[in-house]
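Peer 1: So the chains spell out like this:
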Amino acid sequence: MNELDILLRGRKTDSISSASESATIREIATLLQKRPLSPFARSICVRMVDAGSSNDVEIEEGLMNSPQVDCERFGIHFVASPRHADVLLVSGPVTINMKLALEKTYAAMPYPKAVVAAGDGACSGGVLSDALGVYKSGRVDEVIPISVKVPGNPPTPYELVLGILKAGEMLSRQKD
Amino acid sequence: MIAKNFLQALEGMPKRSRISANSADATTWIDVTPEEVPAACMALANAGGIFDSAFAYPAASRAQWALAYVFRLESRGLAAVRSRGKSFHSVSASLSAAIWDERKMHEISGAEFSGLPDVRPIVSHPENAAIEQKNRAQKHAKPLKNGNGENTYPFVGTGEEGEFEVAVGPVHAGIIEPGHFRFFVSGEGVNKMEARLSYMHRGIEGFAKGKKMEDMFPIIEQISGDESASNSVAFAQAAESLCGIQVPQRAQTIRLLLLEEERIYSHLADLGGIATDVGFAAPASQFLALRERMMRLNEKCFGNRFLRDVVALGGTHRDMPREKISELRSGIEFFSKAILEIENLTMSSSTFLDRAFSAGWVSAKSASRFCLVGPGARASGISCDTRKHFPYGAYAHVALNEALATDGDALARFMVKLNETKESARLISEEIAHMPSGPFCAHEIPNAKAGSISFGMCEAPRGGCTMLLQAGKHNTIQNLSVRTASFRNWRALEKAILKNIIADFQLINKSFNLSYAGADL
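From first to last, the protein sequence lines stand for chains A and B.
Heads up, the first sequence is in our numbering, so the first residue is 247 and it goes up one at a time.
Heads up, the second sequence is in our numbering, so the first residue is 1207 and it goes up one at a time.
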């Protein structure tokens, strides 16, 4: 196989339609049919912070970039600095040692900004809520305000896409 | 069956030591006084024992701690040097691999160490001392101060003229976990790198205390997401050895399928990551697509993308019906073809070979000095596969071809991981050809004897992981200590980056791909 062969093999990307088997994909399709997600014009820059999850959410965030999901077609792309970001994607439970870093990352983001809590740990503390290294109950909203919750152990790449699109929609409503 | 050199080592032990053997998990316990610990450990190390881990747990009598220094003896089981007391002599002055273990024990237990070369805290961060902590069950926990009594963490450079520091993390630019790296550079070459971790410390070991063994699996799966199955199997084996459970053949084979499937999807991320970090996007996308495909196969065959919620105490939660086995078979057939094509694409590129060759070199000597495990050690020519040397479950009747390389650089680690995925695919297709029939879980769970101790070992994708489990009353957990492959191998990364340029750090880091959560617990 060489690089040109890959082009001839047809696309690997999943199709997004309102007739899909998956409820998440149907919801994404309906959301995309609505008005464009201003003020970002379908361009949402995301910075992720893993504040204490077991690297599972971070793996699924990595797979949002896989050829099948390809989150860039929804206008979502991951940026290197919180100063470039519209949405902060946080997984948890928030540990005592990550609390300060999470606060600083949130403070570095320009307005308007939204936070998506990804995974059971970030939304509710999860199974490790009472562990000693976890800050309070481990919920992200005990450290910074959140806009969207995406539960799951861990949430799938499409559930994360949907959560980020919802956060983008909320931001556009704020502008109006 | 005890090796000759092991017998010689036992003869070299301090005079008053007491030696006992546990036949259930093939562990030899060597009880010595606190003063004699360094001599006993060095006797084992000199006789060819490989330092595996060191654990501290409260001893039966109050205000006393028990320390267990665990060594692997070439295919002959484990030997553990155990000592009880309040103050101990540090081993790491002569056995440098133990330094992180001893720093951790010094910090989180009440045991005092004399002669510890480095007393900086490794688990808690002194600058967070003001943050509201939960009611600490560990009454012995020392105040959060660094060695100088200040609330900061000092990094120590080499003192070379014109040296400056580069701080990276904990929040990185890519989609990875948090950790802090401090580079000491003069010019482009790195003189020294110190990793400061524990940003992900959630306190899993302490949280396990008092939990029922069968309820522990969701918590064990939180140690590291992409090692969920391996850690669960390691824990299950320790618990089953304590309770005296015979795991049915079919369950052992299903566990083997899980572990090998996990190795495939974990390694695919590392291989793709190495291709990404040298800027070679075509194979990187192919690896990523194959990985997503394998994750979907996991969900179809085992019900979960991360293979969670399958391993149970005494076997597995679910059986594998015939249609799922044939699904797995066709998925693995596809994988075996696809991986060869991507390998061809990657290895025929001179730019890829040029970047990966000689980057992050770890010599065989360093690898054995740091007592590395997993692909990191095998890439330097050290045979250390738990599946081969300590065969557990269905691996006892499997002929495993251990993937080895000798160069010890990023390319060697790439090749080892690539060959391991192929070997895993071979094992899976071999095993599903003759799945044993019968039950998939033991019917009865007998109670473990309170206070008894067992070790659980498993070869996770990143290397061997060892757990110490002490049973309480009614199958609860009195103590759980975990040493993951990531914890053991982080110091190899500090070594591998030396004399390389900072720009190659991400490539070298990815070639090890250690888990931050797995090391921090």
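Be a bit skeptical, because a hint or two may be false.
Said to hold, decoys possible - Facing chain B, from chain A, some residues (calculated, C-beta under 7 angstroms): (1) L254; (2) K258; (3) I262; (4) L277; (5) M294; (6) G298; (7) S300; (8) E304; (9) G308; (10) N343; (11) T351; (12) S375; (13) A377; (14) L378; (15) G379; (16) G398.
In short, the hints are calculated from the structure, not lab data.
Every residue gets a Cβ at the ideal spot worked out from N, C-alpha and C, and that includes glycine.
Peer 1: Can G379 of chain A be said to touch chain B, with a Cβ gap under 7 angstroms?
Peer 2: holds (4 angstroms)
Peer 1: Does S375 of chain A hold up as a contact with chain B if the rule is Cβ-Cβ below 7 angstroms?
Peer 2: violated (10 angstroms)
Peer 1: With 7 angstroms as the cut and Cβ atoms as the points, is A377 of chain A at the interface with chain B?
Peer 2: holds (4 angstroms)
Peer 1: So, as I understand it, the hint says N343 of chain A touches chain B; can you test that by seeing if any CB pair is closer than 7 angstroms?
Peer 2: holds (5 angstroms)
Peer 1: Have a go at the E304 of chain A hint: is there a Cβ in chain B nearer than 7 angstroms to its own Cβ?
Peer 2: holds (6 angstroms)
Peer 1: Hey, does the L254 of chain A contact hint survive, CB to chain B under 7 angstroms?
Peer 2: violated (13 angstroms)
Peer 1: Quick check on the hint: I262 of chain A CB to chain B CB, less than 7 angstroms?
Peer 2: At about 16 angstroms, which exceeds the 7 angstroms cut-off, the nearest Cβ of chain B leaves the hint on I262 of chain A violated.
Peer 1: Taking 7 angstroms as the limit, does the beta-carbon of L378 of chain A come near enough to a beta-carbon in chain B?
Peer 2: Result: holds, 4 angstroms to nearest chain B Cβ.
Peer 1: Does the interface hint hold: is G398 of chain A within less than 7 angstroms of chain B, judged Cβ to Cβ?
Peer 2: At 10 angstroms from the nearest chain B Cβ, G398 of chain A fails the 7 angstroms test, so the hint is violated.
Peer 1: Can the hint on T351 of chain A be confirmed by a CB-to-CB distance to chain B that is less than 7 angstroms?
Peer 2: holds (5 angstroms)
Peer 1: With chain B as the partner, please determine if M294 of chain A meets the hint condition of a C-beta pair closer than 7 angstroms.
Peer 2: holds (6 angstroms)
Peer 1: Given a cut of 7 angstroms on the nearest C-beta pair, is the interface hint for K258 of chain A held or broken against chain B?
Peer 2: Where the cut-off is 7 angstroms and the nearest Cβ of chain B is about 5 angstroms from K258 of chain A, the hint holds.
Hint compliance for this structure: hints 1, 3, 4, 12, 16 are not met, and every other hint is.
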